[in-house]
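These protein sequences, in sequence, are chains A and B.
Just so we're aligned: the first sequence equals residues 1 to 384 in our numbering.
Just so we're aligned: the second sequence equals residues 1 to 384 in our numbering.
What the hints contain is simulated information worked out from the structure, not anything from laboratory work.
Note that beta-carbon positions come from the ideal geometry of N, C-alpha and C, so glycine has one too.
Take the hints with a grain of salt, since some may be wrong.
Label pairs and their computed distance ranges (CB to CB) [stated by the list, open to error]:
no.	chain 1	residue 1	chain 2	residue 2	range
1	A	E124	B	R42	35 to 41 Å
2	B	A30	A	L138	25 to 31 Å
3	A	D121	B	H155	42 to 48 Å
4	A	A30	B	D248	14 to 20 Å
5	B	E37	A	R362	46 to 52 Å
6	A	R229	B	R19	50 to 56 Å
7	B	G139	A	G351	50 to 56 Å
8	B	K318	A	N116	49 to 55 Å
9	B	R42	A	L204	43 to 49 Å
Example chain B residues on the side facing chain A (calculated, C-beta under 7 Å, incomplete) [as the list claims (entries may be wrong)]:
no.	residue
10	S68
11	P73
12	E81
13	T82
14	A83
15	A132
16	W134
17	E186
18	T188
19	A239
20	D242
21	T375
Pulled from the structure, derived: some chain B residues nowhere near chain A, Cβ distances all over 10 Å [unchecked claim]:
no.	residue
22	T74
23	H157
24	T160
25	E162
26	W243
27	L252
28	D275
29	G297
There are 2 protein chains.
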Amino acid sequence: MRRVAVIGVGVTKFGRHERTSAELFAEAAADALADAEMPASRVQALYYGNVVGGETEKQLHTGPQAASVLGIPTVPTTRFETACASSHAAFRHAVMEVASGASDVVLVGGAERVLNVPTADSTEYFAYASDASWEQTLGLTFPGVFALVARAHMHKHGTTEEQMAAVAVKNHRHGVLNPKAQFRKEITLETVLSSPKVADPLKLYDCCPFSDGGAALVLASEDVARTARRPIWVLASAAASDWMLLGDKRDLSRVPATERAAAAAYRQAGIGPQDVDVVELHDCFTIAEIVATEGLGLFEPGAGGIAAEKGWTSLGGKIPVNPSGGLKAKGHPIGATGAAQICEVVTQLRGEAGARQVEGARRGLTHTLGGNTATVLVSLFGRD
Amino acid sequence: MRRVAVIGVGVTKFGRHERTSAELFAEAAADALADAEMPASRVQALYYGNVVGGETEKQLHTGPQAASVLGIPTVPTTRFETACASSHAAFRHAVMEVASGASDVVLVGGAERVLNVPTADSTEYFAYASDASWEQTLGLTFPGVFALVARAHMHKHGTTEEQMAAVAVKNHRHGVLNPKAQFRKEITLETVLSSPKVADPLKLYDCCPFSDGGAALVLASEDVARTARRPIWVLASAAASDWMLLGDKRDLSRVPATERAAAAAYRQAGIGPQDVDVVELHDCFTIAEIVATEGLGLFEPGAGGIAAEKGWTSLGGKIPVNPSGGLKAKGHPIGATGAAQICEVVTQLRGEAGARQVEGARRGLTHTLGGNTATVLVSLFGRD
Numbered sequence: 001m002r003r004v005a006v007i008g009v010g011v012t013k014f015g016r017h018e019r020t021s022a023e024l025f026a027e028a029a030a031d032a033l034a035d036a037e038m039p040a041s042r043v044q045a046l047y048y049g050n051v052v053g054g055e056t057e058k059q060l061h062t063g064p065q066a067a068s069v070l071g072i073p074t075v076p077t078t079r080f081e082t083a084c085a086s087s088h089a090a091f092r093h094a095v096m097e098v099a100s101g102a103s104d105v106v107l108v109g110g111a112e113r114v115l116n117v118p119t120a121d122s123t124e125y126f127a128y129a130s131d132a133s134w135e136q137t138l139g140l141t142f143p144g145v146f147a148l149v150a151r152a153h154m155h156k157h158g159t160t161e162e163q164m165a166a167v168a169v170k171n172h173r174h175g176v177l178n179p180k181a182q183f184r185k186e187i188t189l190e191t192v193l194s195s196p197k198v199a200d201p202l203k204l205y206d207c208c209p210f211s212d213g214g215a216a217l218v219l220a221s222e223d224v225a226r227t228a229r230r231p232i233w234v235l236a237s238a239a240a241s242d243w244m245l246l247g248d249k250r251d252l253s254r255v256p257a258t259e260r261a262a263a264a265a266y267r268q269a270g271i272g273p274q275d276v277d278v279v280e281l282h283d284c285f286t287i288a289e290i291v292a293t294e295g296l297g298l299f300e301p302g303a304g305g306i307a308a309e310k311g312w313t314s315l316g317g318k319i320p321v322n323p324s325g326g327l328k329a330k331g332h333p334i335g336a337t338g339a340a341q342i343c344e345v346v347t348q349l350r351g352e353a354g355a356r357q358v359e360g361a362r363r364g365l366t367h368t369l370g371g372n373t374a375t376v377l378v379s380l381f382g383r384d
Numbered sequence: 001m002r003r004v005a006v007i008g009v010g011v012t013k014f015g016r017h018e019r020t021s022a023e024l025f026a027e028a029a030a031d032a033l034a035d036a037e038m039p040a041s042r043v044q045a046l047y048y049g050n051v052v053g054g055e056t057e058k059q060l061h062t063g064p065q066a067a068s069v070l071g072i073p074t075v076p077t078t079r080f081e082t083a084c085a086s087s088h089a090a091f092r093h094a095v096m097e098v099a100s101g102a103s104d105v106v107l108v109g110g111a112e113r114v115l116n117v118p119t120a121d122s123t124e125y126f127a128y129a130s131d132a133s134w135e136q137t138l139g140l141t142f143p144g145v146f147a148l149v150a151r152a153h154m155h156k157h158g159t160t161e162e163q164m165a166a167v168a169v170k171n172h173r174h175g176v177l178n179p180k181a182q183f184r185k186e187i188t189l190e191t192v193l194s195s196p197k198v199a200d201p202l203k204l205y206d207c208c209p210f211s212d213g214g215a216a217l218v219l220a221s222e223d224v225a226r227t228a229r230r231p232i233w234v235l236a237s238a239a240a241s242d243w244m245l246l247g248d249k250r251d252l253s254r255v256p257a258t259e260r261a262a263a264a265a266y267r268q269a270g271i272g273p274q275d276v277d278v279v280e281l282h283d284c285f286t287i288a289e290i291v292a293t294e295g296l297g298l299f300e301p302g303a304g305g306i307a308a309e310k311g312w313t314s315l316g317g318k319i320p321v322n323p324s325g326g327l328k329a330k331g332h333p334i335g336a337t338g339a340a341q342i343c344e345v346v347t348q349l350r351g352e353a354g355a356r357q358v359e360g361a362r363r364g365l366t367h368t369l370g371g372n373t374a375t376v377l378v379s380l381f382g383r384d
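Let the hints inform the model, and build the full structure from the sequences given.
Structure (structure tokens):
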């Protein structure tokens with residue numbers, strides 16, 4: 001298997017856009033190709049993530065549409081959908097294509113448009129990632145899913161609402177430093193704690209927003225990457241799944257798929273959590289960040305809330321988590337999220353993250369979660 | 001890259017089912033694993049195709065659901081969606097995973113449920129595979145797309161409605177021999193020609209039906225396959241795309257993506273169309289079969305209609321096409337179709353196709369088309 005590098009990244013501003021998801025992807029992809037100094041004509045395949053396009057845009061078959069809008073209609077293209085982890089799944093399969101020698105230059109990305117439909121509708125469409133027969137029929141939507149996770153974590157570890165709120169405060173503080181972030185204003189613990197309840201104990205500011213946006217990156221084989229300006233190497237990319245139904249899981253305070261994907265990724269890369277300098281992880285709700293920091297081995301089980309409270313995950317802390325602002329402040333255009341996390345870690349490892357730079361970062365990790373904690377992707381990156 | 005084999009196949013009966021797509025897939029997958037004499041616990045990854053689950057079942061994230069229902073929730077799983085070619089795309093990426101050495105045993109398949117919604121709704125949902133901004137808004141649905149293809153082919157090559165009807169008659173004759181087919185009755189040219197117009201010149205019997213169903217197959221590395229009862233080798237698997245919009249295509253009488261995917265597959269396998277003994281191809285409409293036989297190089301451009309009329313593509317003819325009955329008679333549960341075509345060719349190459357066996361078949365080809373001819377997959381198979 002050959003080494004694979006990311007040689008170009010591009011992300012749209014996240015937030016409300018009056019453009020189709022294919023157009024949002026085109027902006028991100030053009031930026032990624034320009035960043036890689038690579039003409040579109042050299043792209044040999046497109047790996048594309050999109051989730052609710054059928055619901056919000058009446059658009060399936062978004063792979064060839066994304067290729068057409070870029071003017072490279074003849075490259076093989078596939079749409080990947082694994083709920084919020086879709087473009088991270090696309091990335092993992094693209095890495096296999098380049099590593100196996102099948103292609104030398106592959107474009108990866110994703111996009112989503114959801115702010116063109118009412119919030120009640122997008123909430124319902126997102127819930128399609130949970131089981132239609134047994135969960136949706138009970139009225140379960142994702143704030144409810146993560147409220148159950150939060151309750152389990154509070155019960156088992158004594159995690160507090162203040163600790164969860166600290167995640168939101170930290171990610172908003174980071175988001176101020178990211179020109180592409182949807183929310184660029186600091187908030188206080190009090191802002192979070194006094195915000196309206198969405199699904200007890202989760203309040204409005206414990207939840208990431210709905211967002212439109214696109215993200216893209218250019219993958220290259222080692223030979224091609226050696227001629228690139230700033231290659232960042234893919235050290236590992238691993239996926240794991242878990243039972244679809246919440247009711248089939250034994251302990252909602254953990255995400256076993258995160259633990260398995262992380263273990264596989266660390267094994268592939270031959271490093272451990274102590275070797276990671278910067279992390280972009282899936283904070284769809286504040287509790288999700290706390291549980292993920294534990295599942296990734298950054299902190300002991302039960303210590304994720306304490307770490308958030310003590311600032312260990314802040315820029316300047318022991319292990320900065322979500323310097324981009326995370327899903328909470330940067331935004332969460334679901335089909336773009338996994339690719340956008342990778343773009344941030346690559347930018348950090350290049351040392352080009354400006355005001356939000358993690359000084360001296362050499363190894364980075366991205367973590368994306370799909371659905372009822374049923375799909376997790378973890379990838380590791382390093383610079384020479 | 002390692003050699004890869006199909007060592008087990010399973011297909012549900014196609015038609016109307018009162019089960020979810022995940023349950024339909026589970027039936028097919030259990031059959032495929034039993035056929036491979038392989039316990040589910042040895043499966044290392046699931047590659048899954050599903051298209052309109054969001055629309056007809058309010059179900060996205062169908063990969064982990066399919067794995068859960070099989071009792072293998074922890075294997076990495078991804079849903080692929082490239083319109084009607086979805087499970088063929090899943091197959092191609094799964095072949096890469098095994099060929100690259102990442103896994104030894106991979107389950108591939110797909111399922112779809114559409115007969116639980118009114119025909120007008122499924123027609124609209126299928127149209128989501130065409131462009132939402134420029135085509136759906138004009139009322140274009142797939143019978144209209146292929147009526148345009150038929151008109152272009154008739155104009156350029158003199159293809160007749162009787163030649164198209166001959167495809168339907170042949171595929172219905174084949175379907176009678178397939179216990180899993182949705183339609184098992186012979187029809188006459190007159191049945192087709194006198195059936196109601198759907199989109200002139202296409203009539204009801206020029207169109208494949210809506211179908212529920214599932215299909216699955218077990219892929220194995222060469223080492224594992226050598227211990228299997230009847231391995232059938234994957235000689236090639238190639239994808240090609242084309243402009244999304246019909247209006248961007250130069251000549252609707254051809255499908256350039258078919259021509260490119262076929263050329264790539266023949267090159268990979270080191271064989272040509274003259275070496276193929278049996279073909280399962282994408283006859284969503286009768287004209288699609290005619291155009292595909294030309295694009296795959298089985299007949300010269302313009303000769304596909306003549307070949308159909310003269311019986312060259314019948315069982316017993318020069319090159320039997322769609323011995324299963326094809327999408328026309330076997331049915332077209334879109335997410336399952338690509339996998340089901342592969343199951344048929346594997347069954348043929350094993351010499352186990354019973355009354356519809358192509359005698360002495362050693363090399364087989366499958367061809368699946370997605371959307372407005374914008375995605376095509378072609379794979380080649382051979383027995384020792």
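Results for each hint:
A C-beta distance of roughly 38 Å is found between E124 of chain A and R42 of chain B, which places it inside the suggested range of 35 to 41 Å. About 28 Å separates the C-beta atoms of A30 of chain B and L138 of chain A, a value consistent with the hinted range of 25 to 31 Å. Between D121 of chain A and H155 of chain B the beta carbon distance is about 44 Å. The supplied range of 42 to 48 Å therefore holds. With their beta carbons about 19 Å apart, A30 of chain A and D248 of chain B fall inside the hinted range of 14 to 20 Å.
Take E37 of chain B and R362 of chain A: their Cβ atoms lie about 48 Å apart, and the range 46 to 52 Å holds. Between R229 of chain A and R19 of chain B the Cβ separation comes to about 54 Å, which falls inside the hinted range of 50 to 56 Å. Take G139 of chain B and G351 of chain A: their Cβ atoms lie about 53 Å apart, and the range 50 to 56 Å holds. Between K318 of chain B and N116 of chain A the C-beta distance comes to about 52 Å, which sits within the given range of 49 to 55 Å.
A beta carbon spacing of about 47 Å between R42 of chain B and L204 of chain A agrees with the range 43 to 49 Å that was offered as a hint. For S68 of chain B, the suggested interface contact is upheld, since its CB lies about 4 Å from the closest CB of chain A, less than 7 Å. The beta carbon of P73 of chain B is positioned within 7 Å of a beta carbon in chain A (closest approach about 4 Å), and the interface hint is therefore held. Taking 7 Å as the C-beta contact cut-off toward chain A, the hint placing E81 of chain B at the interface holds, the least distance being around 5 Å.
With 7 Å as the threshold, the beta carbon of T82 of chain B comes within range of chain A, its nearest partner Cβ sitting at about 6 Å, so the hint holds. Given hint, A83 of chain B at the interface with chain A, holds; its Cβ is 4 Å from that chain's nearest Cβ, closer than 7 Å. The beta carbon of A132 of chain B is positioned within 7 Å of a beta carbon in chain A (closest approach about 4 Å), and the interface hint is therefore held. This hint is violated: W134 of chain B has a C-beta 10 Å from the nearest C-beta of chain A, more than the 7 Å allowed.
For E186 of chain B, the suggested interface contact is broken, since its CB lies about 34 Å from the closest CB of chain A, more than 7 Å. For T188 of chain B, the interface hint is violated, since its Cβ never comes within 7 Å of a Cβ in chain A; the closest pair sits about 35 Å apart. Satisfaction of the interface hint for A239 of chain B is found here, the shortest Cβ-Cβ separation to chain A being roughly 4 Å, below the 7 Å cut-off. Restraint check, D242 of chain B versus chain A: the minimum CB separation of about 6 Å is within 7 Å; hint holds.
The interface hint given for T375 of chain B holds, since its Cβ lies 6 Å from the closest Cβ of chain A, which is under the 7 Å cut-off. Non-interface call for T74 of chain B relative to chain A: violated, since the shortest CB-CB distance, roughly 6 Å, does not exceed 10 Å. Remark: the non-interface label on H157 of chain B is consistent with the geometry, its nearest Cβ contact in chain A lying 24 Å away (cut-off 10 Å). Look at T160 of chain B: its CB is around 31 Å from the nearest CB on chain A, clear of 10 Å, so calling it non-interface holds up.
At roughly 32 Å from the closest C-beta of chain A, the C-beta of E162 of chain B stays outside 10 Å, upholding its exclusion from the interface. Consistency note on W243 of chain B: stated as away from chain A, yet its beta-carbon is not over 10 Å from all of that chain's, at 4 Å minimum. Under the 10 Å C-beta cut-off, the non-interface status given to L252 of chain B relative to chain A holds; the minimum distance is some 15 Å. Annotated as non-interface, D275 of chain B keeps its C-beta farther than 10 Å from every C-beta of chain A; the closest such distance is 23 Å.
At roughly 18 Å from the closest C-beta of chain A, the C-beta of G297 of chain B stays outside 10 Å, upholding its exclusion from the interface.
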